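Generate the whole structure from the sequences, applying the supplied hints.
Protein chains in written order, with my numbering: chain R, 142 to 1384; chain X, 32 to 120.
Just so you know, these hints were derived from the structure itself, not from any lab.
Keep in mind the model is a prediction, meaning the values are calculated, not measured.
Misleading hints may appear alongside valid ones.
List of simulated lysine to any residue pairs, SDA-like, C-alpha gap at most 25 Å [unchecked claim]:
id	chain 1	residue 1	chain 2	residue 2
1	R	Lys1214	R	Leu949
2	X	Lys59	X	Leu99
3	R	Lys256	X	Leu42
4	R	Lys1214	R	Arg1271
5	R	Lys1073	R	Glu1043
6	R	Lys352	X	Gln98
7	R	Lys1336	X	Ser73
8	R	Lys284	X	Pro109
9	R	Lys433	X	Gln98
10	R	Lys370	R	Met311
11	R	Lys1157	R	Ile1065
12	R	Lys174	R	Gly447
13	X	Lys59	R	Ser337
14	R	Lys1073	R	Pro1108
15	R	Lys284	R	Trp371
16	R	Lys353	X	Gln105
17	R	Lys309	X	Leu42
18	R	Lys309	X	Trp62
19	R	Lys1354	R	Ala186
20	R	Lys1214	X	Gln98
21	R	Lys370	X	Arg48
22	R	Lys1336	R	Arg1271
23	X	Lys94	R	Ala1012
24	X	Lys112	R	Thr312
25	R	Lys284	X	Ser73
26	R	Lys1081	X	Glu101
27	R	Lys284	X	Ala47
28	R	Lys1214	X	Ser73
29	R	Lys1081	X	Lys94
30	R	Lys476	R	Asp466
31	R	Lys676	R	Asp734
32	R	Lys1036	R	Gln1270
33	R	Lys309	X	Glu43
34	R	Lys1214	X	Ala67
35	R	Lys1304	R	Gly1364
36	R	Lys284	X	Tyr49
37	X	Lys94	R	Pro374
38	R	Lys284	X	Gln41
39	R	Lys353	R	Ser372
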Amino acid sequence: MSLFSTMSLYALTVKQPSATQDAISGDFLGNGKQQILTANGSRLAILEVSRRQKGFQEIYSQDVFGIIRRIAKFRLAGGTKDFIVITTDSGRLVTYEYMPEEHQFRTIHFETFGKSGIRRVVPGEYLAVDPKGRAIMVASTEKNKLVYILTRSGQTRIAISSPLEAHKPMTLVYCLIGLDVGYDNPMFAALELDYSNAEADPTGEAYHELKKELVYYELDLGLNHIVRKWSEPVDRTAHALFRVPGGPNAPSGVLCCGEDNISYRRIFNKSSSVHRLAIPRREGATEDPNRKRIIVTGTLYTLKGGEFFYLLQTDDGDVFKLTVDVRSAVVWNIKIKYFDTIPIATSICILRAGFVYAACESGDRVLYELESLGEETEDPVFESTQFPVDPLADYAPPFFQPRSLVNLTPVETIPSLNPIMDMEVSNPAMEDAPQVYTVNGAGGRSSFRTTRNALEVLDLIESPLPQTASHVWTTKLTVEDETDTLIILCLHSRTLVLKIGDDVEEASNTGFMAETNTLGVQQFGEDCVIQIHPKGIRHIQGIQFPDGDAAAVNVSLTDWHPPAHRTIVACATNNRQVAIALSSGQILYFECDSDGSLAMAEEEVILDSTINCLAIPDVPEGSVRAIFMAVGCSDQTVRIYNLSPDMEGNILRSISVQGLSSPPSGLTINYMSDKSPRGYSQYLHIGLRSGVYIRSALDEMTGDIGDTRRRFLGPEPITFARVNAAGEPAVLAMTSRPWLAYTHPRTAVLQLTPVNYIPFKSAWNFEGSAFKGIICVSASELRIFTFNDLHDNTTYEAIALKYTPRKLVGNHELGVFYVIESENNTMSAGTRKGLIDQSRAQENGVDGTMNPEQTNGDMLNGHGADELPPAEFGYPRAQGRWASCIQVVDPVSEKAVVHTVELEENKSAVSAAMVYFESRPEDICLAVGTAKDLRFTPYKYSTASIQLYKISPNGRELELLHETEVPEPPLALLAFKGKLIAGIGSDLALYDCGMRSLLRKAMTPNCVPTRITGLKTQGSRLVVSDQAQSVTYVVHKDQVHPNRLIPFADDTVARHTTCTDMLDYETTVGGDKFGNIWLVRCPAKVSEASDESPDGLNLLQDKGYLGGTANRLDLVSHYFANDIPVAIQRTILLSGGERVIFWAGLQGTLGALIPFSSRRQHKMFQQLELQLRIDDTPLSGRDHLAFRSYFTPIKSFIDGDLIERFLVLSRDKRESIVGHLTGNWTSEMVDEAIWNMRGLYAF
Amino acid sequence: MADKLRAQQQLEALQARYIGIGSADTTKHEWTSNIARDSLSSYIGHPPMLQYMSIGLGQPREKTRVQLLERMIQPVGPPPKVSWDIRRA
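See the structure below:
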């Protein structure tokens, strides 16, 4: 019996999660500038914002393999650099220093304080740092608080004390900050609630009398202990604290924020010195004037000279500027003024360079430029003198008018898929590789996104040509020229020469042979240019454009002709060498003479087969010639010849031969950066006629070929162009579409990515005086483009949606998608319109009756009556109301939403499926499950129904056929055997289409324990997912009347299933709400038995086992992904690639699970993973194995993200790890195996 | 006898250190409250879970966080009335 499991998967993250948990600004590099540190999922990243580049640059990012909960920074007195402290689920406090030279985080402290995992009493939920960097406090949601003291010992070492405890049982913590007290003893402020009284009171009265307290903890540095110094009751709704600057001439204290309440409180406060503000409310026809706001996030910013202000954001997204009136270190007054409205953020960072970074809760993260500090705007200012200190006392609520941005200007966005609500991989655009379609975002910022594996290009020039061109070259005139002067185009049996000047014009009298095809152009020797054409080589010396116009002078021409009856078929050139291949199979070789003329070598190569292509690298710096020439022959070989004399003084000797799977169609040799000690090596690129690309290292001394990477790029022969991409040497491979082969800037491994551009057949590097880029010809157009950034290998296209998308249904033949969207606690479109119309009418004096409760009409002014654009301002809220719609999106041709159906009467769409009914063969229908007055906790609704829409023949219109009421909301719908199967609560029901309603054909009551949330099918089998109880396998028996739906197998573990897909008839892959991915399989015998009898009597007679079905599923594999999978699919990702499991996570993760095909490889990866766990322990202090086994032990999975850490390790560490592997692996072979796992299956 | 005492002391030490460690006298209310509080703090502590719930409720994460914390105060209602004779027993 084998000890190996039958299946093993390689889990690879294709796109990192982009949901920001926390972001802070600080100087982590120690260079006097500010950077942003963000924590996304389990990844820490440092971003730099520079005014010069007008945007972001990711300096460093690393996976810590732990759930990051909070991040903070500290700087010890006299330091020049901020250190990072994070809390994760590791039960450890870990602090880092970022080392800019080594490009890594260096762990400073590593203090274990509790159990791992996210638990109620293990500190880590809150993290606060003394502003002077003397102490760190970590707290849990309940009871526990620990304080660490930091001291400097010696010049560089930072010592940390053992923790001091400040526990208080039965006390919940809402917020924790470090107070600014200058150099007094460090103080921390916490919002606490002691619930012990309510715990002992059966009447329930004590619960209402609980007080929330603001508690100050003082760390006595002299006595080395922590005391609960002072506490005072605050508003019961308070939940956030902000630090007020302290020290000499500054007031110190806190801002305590609650519902409709921002109060300033001094340390050891007297109640008289509290200053309170109410949070201004929006004015407008659709706004409820009685709704109170809360502050969701904010930031303090201190100006030079000690002045400070806050930017505080409400739950609507409105940002307010709060200023404090301080007179001799005493607060007299606090003021609040509307600043601008930006999307709701988890963190706002203000940078000294004048930027504001908003890490948005949903959608793209935005960088704003601070235009002004909001002093000039005419928005009303509210002062604390206007409001009573007690929030329960009466006061006139403040109002303001939201408006578009004035003080901020958006500069750049970082595209972010977060949150993904549903995903589908398909290829309606009929491209080479399928695209990833996702519905993202929440509220007004929802979008439909198409993600492709492609490099974004910047289009520079596009100009028409008189005729279709087949090839393009650019050339300098002399070797000293910095920029290219000529563009040579090969038209159909004609050559056109263009000169680049102020504008591009046709050059005359250049000496180029016009009435021929051109095979190659090269700047040769000092001041010559050669043109190679089928009938010979033209050598042109001294082209000059003396007057700056397009007519050249001083041209001396020399022609070389090949032997009679032979033509030139291929050529390779550099500045000093030329090789040509003749139709007879001869290769002739020339070098540059002292006078710049061509000197033919006496030796020549004669081959039996035809020669397809030649390649000579550029002359290496400091040499007179390149050493090797590569020849691609039609006998499916590439041969290497030497061009510099060997020991015996011979040239053109065959050095090595490489056999190929298909005749080569393109060859090139260049230097590319890599991980070698020198930083770059010589590489031979081979393109095959079959569309396979091969890159091998070509040893500079011996000419040996090694370290090979292969990949299929497209179904057409490949040709190459050597180019510069973002300052790095790269190769453009042209097949059915262009690809770029480049070195990844971070991992320094070869990356192959398609270029997001039209297909073209010829390209060349272009270096102009104004810009550098790549010139290409496509049909009769000449284009120049350039690459800006090689970090991101995906491109996005976004289409705005109306509300939070819930489900995506693809109609692939017609290239459209149906998206159901719903928005909780939001006013529906009809109500909004009604209110706006009403207020307009009032304003115009048509309708005299005022209804202040609804419209707040007396405060309206001119533009208040218009609806605010929801993408910026969100939708008006209304408790218990739903806004919902169905949208038809065309991402292929129109790239827009083409049709919208709003749902009325407080209905919300909960599920959708495209169905072909056997009884209605002429139409395709869209079934949409709806629920009316839906509420959660507790789950309530008034009615539920299935709406059936007829899809028009072009797929773009929906027409309601009928609506069928069902007893519970149908959370899952699926087309099944020409009918519709629906999960109605816990019942599974089969429907056929009737004239006026759906007709129930079969039903299994209580098919699953909780609620059916998903359905998948193959043949007669259905996989039914339950909200909390994993999946149940159900078989449909249609030979009996009424039809039977019989559950026959279910799971042993209660998985809160979010998504599933059937991998084969027995196996299901799924994800759950806790971030796990799992595979379950039905035992073969059970599976066979389920399909045996036509009526399923044997299944009905089986006795249920332990309250479930008679049989149980087996767990095949299990993995913790730290992101909630929302969609999972078995699909191919690349053209010519193998099938993988592709999944999308809520926080914006895209991941692939790749099955291993070779046991030898699997064994190596297993050993490598084991070794990396030991030698490269996760940064968070979390044990990697324990992290991936967070809820259930990991099974049959290999973490590709950990494996890929191998690529960035130092050379000696790599070698020591490889030394532990059994089976003669070298680090190059391991590199290749890792590369193949990503390159051949995913991107 | 000494072992028993020692075990008792160890249990008490653990009960003081970790909340939720039960004893023979743990009531149903205490037990269910503990489970509910553990769950709620787990929802708050796992960022994807908090986001998942916030999207469902259509509100910012901070608001959901505060709502869940509020529910931790008394997650399963007030404790049952303790009748006199039970206390004696």
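Structure-based check of each hint:
1. R:Lys1214 / R:Leu949: 19 Å, holds
2. X:Lys59 / X:Leu99: With Cα atoms ~22 Å apart, lysine 59 of chain X and leucine 99 of chain X stay inside 25 Å; holds.
3. R:Lys256 / X:Leu42: It holds: about 18 Å lies between the C-alpha atoms, which stays within 25 Å.
4. R:Lys1214 / R:Arg1271: Given pair lysine 1214 of chain R, arginine 1271 of chain R holds - Cα atoms ~20 Å apart, limit 25 Å.
5. R:Lys1073 / R:Glu1043: The hint holds at about 14 Å.
6. R:Lys352 / X:Gln98: 16 Å, holds
7. R:Lys1336 / X:Ser73: OK: lysine 1336 of chain R and serine 73 of chain X at ~24 Å, within 25 Å.
8. R:Lys284 / X:Pro109: 20 Å, holds
9. R:Lys433 / X:Gln98: Status holds; Cα separation ~15 Å.
10. R:Lys370 / R:Met311: It holds: about 19 Å lies between the C-alpha atoms, which stays within 25 Å.
11. R:Lys1157 / R:Ile1065: 19 Å, holds
12. R:Lys174 / R:Gly447: The hint holds at about 19 Å.
13. X:Lys59 / R:Ser337: Holds, because 17 Å separates the two Cα atoms, which is no more than 25 Å.
14. R:Lys1073 / R:Pro1108: Holds - the C-alpha atoms of proline 1108 of chain R and lysine 1073 of chain R are around 12 Å apart, at most 25 Å.
15. R:Lys284 / R:Trp371: 17 Å, holds
16. R:Lys353 / X:Gln105: 14 Å, holds
17. R:Lys309 / X:Leu42: At roughly 20 Å apart (the allowed maximum being 25 Å), leucine 42 of chain X and lysine 309 of chain R satisfy the hint.
18. R:Lys309 / X:Trp62: OK: lysine 309 of chain R and tryptophan 62 of chain X at ~20 Å, within 25 Å.
19. R:Lys1354 / R:Ala186: Holds, because 23 Å separates the two Cα atoms, which is no more than 25 Å.
20. R:Lys1214 / X:Gln98: Roughly 20 Å separates the two Cα atoms, so the pair holds.
21. R:Lys370 / X:Arg48: With a Cα-Cα distance of about 23 Å, the restraint between lysine 370 of chain R and arginine 48 of chain X holds, given a limit of 25 Å.
22. R:Lys1336 / R:Arg1271: 20 Å, holds
23. X:Lys94 / R:Ala1012: 20 Å, holds
24. X:Lys112 / R:Thr312: Holds. Lysine 112 of chain X to threonine 312 of chain R sits at ~23 Å (cutoff 25 Å).
25. R:Lys284 / X:Ser73: 15 Å, holds
26. R:Lys1081 / X:Glu101: The hint holds at about 22 Å.
27. R:Lys284 / X:Ala47: 11 Å, holds
28. R:Lys1214 / X:Ser73: 12 Å, holds
29. R:Lys1081 / X:Lys94: 21 Å, holds
30. R:Lys476 / R:Asp466: Measuring from Cα to Cα gives roughly 8 Å; hence the hint holds.
31. R:Lys676 / R:Asp734: 22 Å, holds
32. R:Lys1036 / R:Gln1270: 24 Å, holds
33. R:Lys309 / X:Glu43: 17 Å, holds
34. R:Lys1214 / X:Ala67: At roughly 17 Å apart (the allowed maximum being 25 Å), alanine 67 of chain X and lysine 1214 of chain R satisfy the hint.
35. R:Lys1304 / R:Gly1364: 9 Å, holds
36. R:Lys284 / X:Tyr49: It holds: about 10 Å lies between the C-alpha atoms, which stays within 25 Å.
37. X:Lys94 / R:Pro374: Roughly 21 Å between the alpha carbons, so the hint for lysine 94 of chain X and proline 374 of chain R holds.
38. R:Lys284 / X:Gln41: 20 Å, holds
39. R:Lys353 / R:Ser372: 10 Å, holds
Against the hints set out earlier in the document, no violation occurs for any number.
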